[in-house]
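Letter 220 of the sequence shown, counting from 1, is numbered 220 in full-length UniProt numbering, and no numbers are missing.
There may be inaccurate statements among the hints.
The list that follows gives simulated cross-link-like pairs (lysine to any residue, SDA-like), each with its CA atoms no further than 20 Å apart [claimed, not checked]:
1. Lys55 to Gly9
2. Lys55 to Ala43
3. Lys12 to Thr75
4. Lys136 to Gly48
5. Lys55 to Ser113
6. Lys166 to Ala198
7. Lys298 to Ala270
8. Lys166 to Arg156
9. Lys136 to Pro213
10. Lys166 to Gly33
11. Lys55 to Gly19
12. Lys119 to Asp62
13. Lys55 to Ala77
14. Lys12 to Ala163
15. Lys166 to Glu155
16. Lys294 to Gly284
17. Lys166 to Ala151
18. Lys136 to Pro231
19. Lys12 to Pro231
20. Lys300 to Arg283
21. Lys298 to Arg156
The hints are simulated quantities; they were obtained by calculation from the structure and are not laboratory data.
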Amino acid sequence: MAGVGGTDGREKLGYLGLGMMGLPMTRRLLDAGHDVTVWNRSASKAAGLVEAGAKPAATPRDVAAGAGILFMCLTDAAAVEEVVFGPDGLAAVKGAGKLVVDFSSIHPDAARSIAARLKAATGMAWIDAPVSGGTKGAEEGSLAVMAGGDAADIERARPYVLAMAKRFTHMGPTGAGQTTKLCNQVIVGCAMAVLAEATRLASNAGIDAVRLPEALAGGFADSIPLQLFVPRMAQGIHSPPLGHIATMLKDLDTVVDVAHDTSTPVPMAALAAQLFRLAKSARGADADALEIYKLSEKRKG
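Please put together the full structure from these sequences, using the hints given.
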């Protein structure tokens, strides 16, 4: 059964969650000429998008009632649960022919559970599609999206996702996208911790740490994280944040949980999680994740 579509053959879209990632991703959909209805818990965040042509909705239910494909990017599994099954949530509408594409990063088990319960209750389909690339990638449309779900649903969503991202890779059944994102976070979280060490070593030894990306470009140490993270660490650039400490810690804690369930040794990721736990205590949950660098600051005086 086809979803809700417009007169030009393109589907009507919804976007729920207009935070650091959701807002620029929605703006890209609008810039591509799509019909988008938006909802956010704090309605004021939608103002700029409404000015750009988005239609505001009072509740998630209202978004689901008028759209065929529903995109979401929320903080955690509890937020996803509330938007889907809470009062006036997505599950309050008949869902046959509708598709949810969840960009949130949550536990694979939670994704599988929510998807199965929503399908049983309403007939609505689900793709777990966490993203990588940060706010910069969301603004530039260069995100990598790793997805779990039915192949036909993936292809249905593909043209719309690629208005917001550079890659949209089908990794397997429901939950596979979330598991792939955890692999991503093992690499990114550990890279942040290691690059913080390298940057501090350079600074303490009297080397201009800002020049490390230039000096190491093209060598085995070169990477996107090196080029992006080190200058921001060395120069104390944390606004706008690339991501919050609490978000990285949540993902690394999930890595450790899944590793336990799968008998997978993850000593580096577990250590990175503890470092981010220290950073959360020292810098605050909403601080930029790159402030992990400040854990090794020398005390003044």
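Structure-based check of each hint:
no.	hint	result
1	Lys55 to Gly9	19 Å, holds
2	Lys55 to Ala43	12 Å, holds
3	Lys12 to Thr75	24 Å, violated
4	Lys136 to Gly48	18 Å, holds
5	Lys55 to Ser113	30 Å, violated
6	Lys166 to Ala198	30 Å, violated
7	Lys298 to Ala270	25 Å, violated
8	Lys166 to Arg156	16 Å, holds
9	Lys136 to Pro213	18 Å, holds
10	Lys166 to Gly33	18 Å, holds
11	Lys55 to Gly19	17 Å, holds
12	Lys119 to Asp62	19 Å, holds
13	Lys55 to Ala77	26 Å, violated
14	Lys12 to Ala163	14 Å, holds
15	Lys166 to Glu155	15 Å, holds
16	Lys294 to Gly284	12 Å, holds
17	Lys166 to Ala151	19 Å, holds
18	Lys136 to Pro231	15 Å, holds
19	Lys12 to Pro231	41 Å, violated
20	Lys300 to Arg283	17 Å, holds
21	Lys298 to Arg156	53 Å, violated
Comparing the model with each numbered hint stated earlier shows that hints 3, 5, 6, 7, 13, 19, 21 do not hold.
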